[in-house]
Amino acid sequence: MSARRRLRVGITIGIALLLVAITAGYGLWVMRAASTGHLMDPAHMEDPAHPRMDAAMDHTMMGPSSSRGILGGYLGAVTAVMGLAFVVLVALLAWLLIHERPGRPEQALCPVCGATTETDWTACAYCGSALTRVGMPIMKGGR
Amino acid sequence: MIGFLLVLTYFSLFGPRDPRLNLATVFSWIVWWPLLAVSYFLFGRIWCAVCPMGALADLTQRFSLNLKAPRLFKRRGFVAGIMLVAILYQAWIEEVTRASVSPLVTGFILWGFTAGAVVGALLFERWTWCRHLCPLGAWTGVFAMGSVMEIRANQGNCVDHKCTSIYCYFGREELKGCPFHHTPKTMDTNRYCSMCGNCLKACPHGSLRLEIRNPIKEFVTQKKEMPENALIAVAALGVVAFQAFVMTEPWAALRDAVAGSAILSNDAVFYGSLLIGFVGLAVGLFLAASRVFSRVTGASYETQVRRFGFAFLPLTLFAHIGHNLGHLLGGYRFVPAAVAASFGASVQVPQGSDMLGLMVWRILQFGLLAAGVALSVWALRRLCAATPTACAPGRRALPFALLTALYAVVLALILSLPMASRL
Chain A
0 MSARRRLRVG ITIGIALLLV AITAGYGLWV MRAASTGHLM DPAHMEDPAH PRMDAAMDHT
60 MMGPSSSRGI LGGYLGAVTA VMGLAFVVLV ALLAWLLIHE RPGRPEQALC PVCGATTETD
120 WTACAYCGSA LTRVGMPIMK GGR
Chain B
0 MIGFLLVLTY FSLFGPRDPR LNLATVFSWI VWWPLLAVSY FLFGRIWCAV CPMGALADLT
60 QRFSLNLKAP RLFKRRGFVA GIMLVAILYQ AWIEEVTRAS VSPLVTGFIL WGFTAGAVVG
120 ALLFERWTWC RHLCPLGAWT GVFAMGSVME IRANQGNCVD HKCTSIYCYF GREELKGCPF
180 HHTPKTMDTN RYCSMCGNCL KACPHGSLRL EIRNPIKEFV TQKKEMPENA LIAVAALGVV
240 AFQAFVMTEP WAALRDAVAG SAILSNDAVF YGSLLIGFVG LAVGLFLAAS RVFSRVTGAS
300 YETQVRRFGF AFLPLTLFAH IGHNLGHLLG GYRFVPAAVA ASFGASVQVP QGSDMLGLMV
360 WRILQFGLLA AGVALSVWAL RRLCAATPTA CAPGRRALPF ALLTALYAVV LALILSLPMA
420 SRL
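Quick mapping for you: the protein sequence lines, in order, are chains A and B. Just so you know, numbering that gives the first Met the number 0 puts 128 at position 129 of the first sequence, and the rest follows in order with no gaps. Just so you know, numbering that gives the first Met the number 0 puts 269 at position 270 of the second sequence, and the rest follows in order with no gaps.
The set of hints was computed from the structure by calculation and includes no laboratory data.
Straight line, CA to CA, 25 Å or less: simulated DMTMM-like cross-link-like pairs of lysine to aspartate or glutamate:
id : chain 1 : residue 1 : chain 2 : residue 2
1  : B       : Lys223    : B       : Glu124
2  : B       : Lys161    : B       : Glu210
3  : B       : Lys161    : A       : Glu117
4  : B       : Lys73     : B       : Glu124
5  : B       : Lys175    : A       : Glu117
6  : B       : Lys200    : A       : Glu117
7  : B       : Lys73     : A       : Glu117
8  : B       : Lys67     : A       : Glu117
9  : B       : Lys175    : B       : Asp187
10 : B       : Lys223    : A       : Glu117
11 : B       : Lys222    : A       : Glu117
12 : B       : Lys200    : B       : Glu210
Negatives, chain B to chain A, calculated, CB over 10 Å:
id : residue
13 : Asp57
14 : Leu174
15 : Met225
16 : Ala298
17 : Ala339
18 : Ala404
The beta-carbon is built from N, C-alpha and C at its ideal position, and this holds for glycine as well.
Could you build all of it, start to finish, from the sequences and the hints given here?
Put into structure tokens, the structure is as follows:
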């Protein structure tokens, strides 16, 4: 890999990581706002004319949702699940980038016409013949 | 579109805190979400072609590493799992965070989708995020299978022109190929087609055409990923019922009943349990009906599942449209107020009844539900005709017809209840 390419990869991954970090920070800020009751407009919540504010409905919006029960609070269930989902997603992406080498997938040859096909194709897009993975010649890392 | 996204994001952070006067919440939940539901039926996944988050990702893709999508993303089990989790997560998080009444959360959702799309575009080629990871894309893709429009190739034409270049997939010269990593030449589902028109432009032989179709056509002609798509179609019914139910009074009563519980009084747990309950019930009843019917007809259980799950998609889609159009008709009066408030005008929150009134709302909703039932029954007949060995004599699919009636009654009961405003 050339120095220029390495620089470009570094900058791109840096920008991606920055976006991920901003998203995490933004999410924590919103969750904190939810926990302290600043997520919704108090005047809106107390407006008796609002259809969601009648006696039967008020608890659909009153109070921060994450603060109820033993799983409530700033680090309650909502934050935990959202945070966990976020961490899992980022970790999965990192793992894929490191272990799967997505830029160099295996490719296969169509046994009928010999064209290079993608490994997830179920039919050859060139000749239309059905592709079964058994017995097909594989080109590792080929393009 | 990108400019509009930036405007909405700005108002979500700095606009009025009252959601009925905030452009981000009014536009997102009262205008865009209901119209999006209508677009599923008319144009399938066309939103993905005009999505401002995707457009922003397209702009950044010129700096992309252009990696191929990981092979894991192409494994059927993983794809189905991701799609189901994405759909459930989206439904759950919107309710738990009260996204529709909170400009901050609405803004965070917009940002989250945009960041995901841009990071995906920076790392991978084409629309890897949109196809494999976007929760909204997963939801849209399910309903796109019941659309009245499609882009399909005339494969005879491809053969006649001895096409070996597959321009529709790879692109040609300056023209891009399919952004969804799909091969339009052999495509038999709308799930991954945004109708962006790239393939139409790239194909030099005119093989691809945009056509009006029978909305249930795809249920019969689809050949790949059928069990997953069929089960997700049924699961979507549970999600749609859940989304409507949590805006009704019985939900509030249920909420009261569990208020003393240490665990269930937490909204995250309560909403999550209810959502899984609705989806589990919808899928469980369908699997039970499939088991009964496979015994009656002697056809394999797997055949029943992968064929007949699609039949419930029109009912689900029309219930979803009916529910959301109700919110559009009930909340459109907030639009001028939110626009005026965005320009700094001092405005009052619009009060009073809807212009069209409750009766029109009800007629519209039940009309749509009836249309959904009719299409689902028609789909059952077509599916029976396509696989006569899987049906009882006379092409009858009684257990599924009864299940359609049961689902329709439940949805009608939920939609007939007084519905809270979304804002």
